[in-house]
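Enquirer: Chains as they are written, first to last, in our numbering: chain A, 1 to 128; chain B, 1 to 488.
It cannot be assumed that every hint is accurate.
To be verified - Just the calculated beta-carbon pair ranges, DEER-fashion:
| hint | chain 1 | residue 1 | chain 2 | residue 2 | range |
| --- | --- | --- | --- | --- | --- |
| 1 | A | ARG106 | B | PRO297 | 15 to 25 Å |
| 2 | B | GLU283 | A | ASN39 | 53 to 63 Å |
| 3 | A | ASP72 | B | GLU391 | 28 to 38 Å |
| 4 | B | ALA55 | A | GLU102 | 22 to 32 Å |
| 5 | B | PRO297 | A | MET70 | 34 to 44 Å |
| 6 | B | ALA48 | A | GLY58 | 27 to 37 Å |
| 7 | A | MET70 | B | ASN445 | 49 to 59 Å |
| 8 | B | ALA33 | A | SER35 | 47 to 57 Å |
Unchecked claim - Among the chain B residues that face chain A by a calculated CB cut under 10 Å, a handful are:
| hint | residue |
| --- | --- |
| 9 | GLN8 |
| 10 | THR191 |
| 11 | LEU301 |
| 12 | VAL358 |
| 13 | TYR372 |
| 14 | ARG380 |
| 15 | LEU408 |
| 16 | SER412 |
| 17 | ASN413 |
| 18 | ALA472 |
| 19 | TRP475 |
Keep in mind the hints are simulated off the structure, nothing from the lab. Fair warning: this is a prediction, and the values are worked out from it, not measured in the lab. The beta-carbon is built from N, C-alpha and C at its ideal position, and this holds for glycine as well.
Below, each chain spelled out in residue letters.
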Amino acid sequence: MQLYQPQGFWARRKCDKFTPPAVSVAARSELDTMSIEQNEIEKIAELARVRISGDEIGQVTERIAEILQMMDQLQAVDTADVEPMANPLDAIQQLRPDVVTETNRRDAFQAIAPAVENGLYLVPKVIE
Amino acid sequence: MHTKSVAQLIQGLRERQFSSAELTRVYLDRIAALDTRYNSFISVDEAAAMAAASAADERLAAGDAPPLTGIPIAHKDIFCTDGMRTSCGSRMLDNFVPPYDATVVQRFRAAGAVLLGKTNMDEFAMGSSNESSFYGPARNPWDTDLVPGGSSGGSAAAVAGLLAPAATGTDTGGSIRQPAAFCGITGLKPTYGRVSRLGMVAFASSLDQAGPMAHTAEDCALLLNAMAGHDPLDSTSSDTATEDYTLALGNSLDGLRIGLPEEYFGDGLDSATGDCIRSALRELEAQGATLVNVSLPHAALTIPTYYIIAPAEASTNLSRFDGVRYGYRCADPVDLHDLYTRTRQEGFGDEVKRRILVGTYALSAGYYDAYYKKAQQVRRLIKQDFMACFEQVDVIAGPTTPGPAFALGAKSNDPVSMYLEDVYTLAVNLAGLPGMSVPAGFVDNKPVGLQLIGRHFDEARLLNVAHRFQRATDWHLRQPESANGGPA
């Protein structure tokens with residue numbers, strides 16, 4: 001077993017409050033017969049910020065286990081020298097001059113928000 | 001009027017046989033009368049449609065009107081429409097009224113088209129049956145106990161039911177082609193990047209592509225002319241030059257080499273559906289094309305590859321729905337964490353949540369290499385298979401789906417069985433190629449679609465093959481009884 005370690009942004013923040021919850025994951029050698037436990041689904045749901053109610057979690061785990069089982073077909077393919085493909089045309093990022101092109105439409109965008117005040121988006125209190 | 005093609009309607013408007021206001025009224029009345037059966041529209045704005053039609057009639061009278069002026073169309077409810085709800089089939093966006101138009105919508109407005117309304121779809125385009133829509137499933141006009149396919153099922157049902165002469169769709173893994181096949185219409189997924197994604201709610205950004213759905217290949221060409229082109233606001237849109245997609249429609253098929261992948265004619269294919277496809281291929285052969293057996297050795301891996309990459313990208317894209325800036329927000333959140341998790345629990349449906357979880361899992365530390373990177377590597381192998389075929393042939397052909405439309409409810413509780421529906425369409429998105437579905441016959445009064453796959457940016461050739469096929473056949477002209485007031 002290895003433990004998820006905060007990386008990049010989260011590590012630089014050095015801030016426990018914003019650190020994603022630690023997820024214990026199987027090492028690569030345990031992947032051959034992939035199965036997923038209910039507590040793993042609970043951890044993934046927490047990472048994805050999706051609440052799954054107690055009476056649903058069993059069925060969700062079952063369905064996802066079936067999907068993951070299907071995906072395990074890939075493990076048999078030899079991809080040793082294959083470059084991963086992120087874009088079907090292998091396109092590279094297009095750049096544009098760094099100039100302001102957008103007009104300020106804050107009022108239009110705030111008009112469709114659930115809660116705003118003084119031009120700010122409102123959320124429940126985060127600092128005690 | 002409602003049985004005419006877009007090309008015929010353009011001619012009728014130009015010859016003053018009828019006005020856009022008259023034409024638009026016909027379709028709005030048909031929607032009001034028949035869409036209780038099909039549930040193909042989520043939103044219809046009669047007043048806006050009639051105002052746009054009147055404006056179109058003025059432009060037509062002035063004499064300098066662009067090609068689609070006065071033609072009523074429907075947009076899939078995934079395209080942002082300024083001032084008109086864009087739900088994406090989800091409770092999450094049930095209250096979302098965008099303050100801007102998608103580039104596709106803007107281009108159709110500029111081309112003079114009249115927007116009838118927004119069509120039903122699987123929630124966030126995740127589905128192959130339209131059953132995951134928050135607004136209830138759209139139904140197949142050929143038999144309303146059958147699914148219309150998905151995710152662009154509402155667009156397909158609206159066109160097949162003659163409630164709109166044409167509609168837009170989006171295709172991430174088959175979502176234009178599969179419903180086009182199930183509903184007996186013509187649909188084109190262009191090359192990745194051919195049509196702008198700006199303002200199209202993102203599902204899987206390296207796969208998503210918008211395209212036209214209509215009765216004929218000629219109509220699809222007319223719509224693609226309006227849709228295609230580089231958009232500086234979409235960094236993945238291609239700056240490859242566009243063309244007039246109607247120009248090559250009538251070209252001869254003499255000498256055309258059509259590849260038939262053995263993997264697309266194997267055990268999984270319903271035998272009666274296979275017979276329709278083979279008969280369609282004989283017609284193309286009779287017109288001078290040469291049929292060549294080819295192979296796509298990695299075809300069996302497209303489903304697992306796709307169902308890693310698409311949910312991974314979806315889990316990232318759908319992280320924006322947080323109940324803060326727009327869309328659904330849960331009632332009385334106790335803290336920020338509760339706001340996020342409960343908004344997403346209540347706002348997303350089951351299939352969307354499943355894909356978010358699968359995608360989050362595939363991207364999480366420790367699994368990234370085994371799943372996501374692995375899938376991206378196999379994706380390259382899948383594309384290489386196609387590139388090797390296109391050294392031998394000009395177009396690849398086969399069935400769009402393993403069989404005709406299935407019954408509502410038949411697969412809705414079995415995600416893996418639903419995913420298998422996309423077995424012949426997914427690879428086209430993974431490789432970024434253009435693909436079409438063309439009506440090619442019936443099995444027990446259920447339409448069958450012939451799939452045509454082309455080289456990157458070779459849309460004109462696909463449309464040419466489809467048009468020549470449609471000049472020799474009448475499958476695309478058949479109408480479901482329900483669309484003419486008969487039994488559904």
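Enquirer: Checking each numbered hint in turn, tell me which of them this model violates, lowest number first.
Expert: 1, 5, 6, 7, 9, 15, 16, 18, 19
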